[in-house]
Amino acid sequence: MAKVVVVTSGKGGVGKTTSTAALGVALAKLGQNVVIIDFDVGLRNLDLVMGAERRVVYDFINVTQGVAKLSQALIRDKRLDRLALLPASQTRDKDALTEEGVLSVITSLRKMFDWVICDSPAGIERGATLAMRFADEAIIVTNPEVSSVRDSDRIIGILDAKTVRAERGDRVAKHLLITRYDQARAARGEMLTIDDVLEILSTPLLGIVPESEEVLRASNLGAPVTFNNPGSGPARAYFDAARRLLGEDIEMTIPTDKQTLFGKLFGRRAA
Amino acid sequence: MSVIQPGQSTRFVCRSYMAVVLAPEPPLVDWVTDIEQRIKGAGAFLVGSPVVLDLSAVKLSQSAIAHLVAELDHRGVRVMGLENTDPATAGAGLPPLVRASRGAATAIDAVNPPKAEPKVEPRPKPTTLLLEEPVRSGQSIFFPDGDVTVLGSVGSGAELVAGGSIHVYGALRGRAMAGSNGNTRARIFCSKIEAELLAIDGYYMTAESMDKGLRHRPVQAWLEGNELKITALD
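Order-wise, the sequence lines are chains Y and S. FYI, our numbering numbers position 76 of the first sequence as 76, with every residue one higher than the one before it. FYI, our numbering numbers position 15 of the second sequence as 15, with every residue one higher than the one before it.
Hints in this document: simulated from the structure, not taken from any laboratory. Heads up, the beta-carbon is just placed ideally off N, CA and C, and yes, glycines get one too. Wrong hints could be hidden among the right ones.
Stated by the list, open to error - Ranges between beta-carbon positions, derived for each pair: (1) Y:Asp170 to S:His67: 32 to 38 Å; (2) S:Tyr169 to Y:Ala68: 25 to 31 Å; (3) S:Tyr203 to Y:Thr91: 50 to 56 Å; (4) Y:Glu53 to S:Ala232: 39 to 45 Å; (5) Y:Gly42 to S:Glu133: 30 to 36 Å; (6) Y:Gly247 to S:Tyr169: 39 to 45 Å; (7) S:Glu132 to Y:Gln72: 26 to 32 Å; (8) S:Glu121 to Y:Gly42: 21 to 27 Å; (9) S:Ala207 to Y:Arg243: 54 to 60 Å.
Said to hold, decoys possible - Taking lysine-lysine and the DSS-like style, the derived pairs with C-alpha atoms no more than 30 Å apart in a straight line are: (10) Y:Lys69 to Y:Lys94; (11) Y:Lys162 to Y:Lys69; (12) S:Lys40 to Y:Lys162; (13) Y:Lys3 to Y:Lys111; (14) Y:Lys94 to Y:Lys162; (15) S:Lys125 to Y:Lys11.
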């Protein structure tokens, strides 16, 4: 039975697209059939992060409007054939999305994949509400700072009100993914601690992704960190999160980038 | 055949069901044709659902009623009861007479004069609203009829408005406005105060003017004259 997961946050720039791509790759590497959908119509990014920007011919909107078949719009990843991307349209805006169109695409994808991961745009408007509309589960991406946490709280309220599951009296399972976590800054009180965030949001934790240059480097290369540097701290955090999504019970840690002795000795001088 | 043993109790249960009421109008032939058309169109829900015939607009003999019921049955409409017809016309093989719970003085009444029905008091409105889930940022709870109790927390940017008192068993981070209907005796209780604003009967206090020493502690707030007071509960 396929699972539809929305990756959402309310606030922009917290790492929704990065996390969608990294988790999609991690799940596919763990043997799952995965499709990731970009719901950010007009401001698409997922194709860039996945390194597929030169292969986009048809997009999500084309499929919902019947211009193209779903199989024509899906882009199979060249590195992992269990992973596919459904890109957003860059020339349209969110009004081009209709509930019926989204439902028909998601219904078809449910039959083809184990995981349908919807990368939500920021905000609480049409794009974001349609991205979560048919979700079975939600990953709420939060940075450990007050504005991000409050926006996440808002999004959780909307997940409990405006999804099909909520309207049926059912629940959308919610998971909290804390990204850009800097232990040193949290210890100095410059950032909310994990406990603060969990206390405010009272939502189970899926993972803690440390702040790392690896993430930015990977995004710029068009290869999610789980591809580019699977041994790095953030990649290991995403792999753990993916295993937890699959139901494994894994101890919660904050993986950090391993620094070699060489790096420690010469890192400062090189910088 | 089963025999009821002495001492064995039989349980009778009364239940209410929803039924569709059809009111035939003369000429009956045209009416039946019309129903047939409707079933073909959007009226397919009639097929298989319980139907009551309201015969107030037509005067039919027992055999005519039997014919009409058979005609409808033939089209998939199952008549489970008759309403507003002379009890004399009802008989063997016909659906029983029923009476809607409200309205319609019927022929039945002439035979069995209705007993004085016990007056049903309107059920009193609940005076407490219990919320088992946290109130999230951006949500607004408005309950002018009484108290609001929240088992979880009230998020920053959330809003509670109650005619009575407000009880929050988690942290109160949003706004809480009690006594919104002019109830000066309403109070606000919470197990951890980080509220943005507290108000009782319109007299309010923002986070800035609250005693810093009370933050994160369980408190209650009440109105003394025109002044909002807060004190720790621990």
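Here is how each hint holds up against the structure:
no.	hint	in the structure
1	Y:Asp170 to S:His67: 32 to 38 Å	violated, 49 Å
2	S:Tyr169 to Y:Ala68: 25 to 31 Å	violated, 53 Å
3	S:Tyr203 to Y:Thr91: 50 to 56 Å	holds, 55 Å
4	Y:Glu53 to S:Ala232: 39 to 45 Å	violated, 58 Å
5	Y:Gly42 to S:Glu133: 30 to 36 Å	holds, 34 Å
6	Y:Gly247 to S:Tyr169: 39 to 45 Å	violated, 32 Å
7	S:Glu132 to Y:Gln72: 26 to 32 Å	violated, 47 Å
8	S:Glu121 to Y:Gly42: 21 to 27 Å	violated, 58 Å
9	S:Ala207 to Y:Arg243: 54 to 60 Å	violated, 42 Å
10	Y:Lys69 to Y:Lys94	holds, 20 Å
11	Y:Lys162 to Y:Lys69	holds, 29 Å
12	S:Lys40 to Y:Lys162	violated, 35 Å
13	Y:Lys3 to Y:Lys111	holds, 10 Å
14	Y:Lys94 to Y:Lys162	holds, 17 Å
15	S:Lys125 to Y:Lys11	violated, 40 Å
When each numbered hint is compared with the structure, violations occur for hints 1, 2, 4, 6, 7, 8, 9, 12, 15.
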